[in-house]
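Full structure from sequences and hints, please.
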Amino acid sequence: MGLKIRLARAGAKKRPYYHIVVADSRSPRDGRFIERLGSYNPMLPSDHVERVRLFDERIKHWLSQGAVATDRVAKFLGKAELAPMPVFPEQPKQSAPKKRAQERAAAAAAATNA
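Following the UniProt record's numbering, the numbering of the sequence shown begins with 1 at its first residue and continues without gaps.
Since the hints were made in silico from the structure, they are not lab data. A few of these clues could be false.
Simulated crosslink set (EDC-like; lysine to aspartate or glutamate; CA at most 16 Å straight-line) [what the hints assert, rightly or not]:
{"id": "1", "residue 1": "79", "residue 2": "47"}
{"id": "2", "residue 1": "4", "residue 2": "24"}
{"id": "3", "residue 1": "4", "residue 2": "35"}
Structure, rendered in structure tokens:
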């Protein structure tokens, strides 16, 4: 049985609210879970105290039992210093200027600085 610490959606339509739960990896997203470990309210401002609530000692317990956090929850745990911050690979910047445009911009910047 693979244990996951993940988000389970609650709340009304267009008003999301998530419970942070530990569940069997085979159970549905909003289905059966083992224990509730906190909550996440994305509708609150990012600096609000109640945006992410975590039960630290229970999360440490489940991590010691082999539970694996999903990407979003791992980010929450990293910010709370309960687990190492996950490293995400750099995303490609498709809208960034191409090579020749970057060279022209660099040349123009060098001409204005000189």
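Checklist entry - residue 4 and residue 24: Cα distance at most 16 Å? => result holds (6 Å)
Checklist entry - Taking only the CA atoms, is the gap from residue 79 to residue 47 under or equal to 16 Å? => result holds (12 Å)
Next on the checklist: Checking one constraint from the list: CA of residue 4 to CA of residue 35, max 16 Å. Satisfied?
Outcome noted: holds (11 Å)
Of the numbered hints listed earlier, not one is contradicted by the structure.
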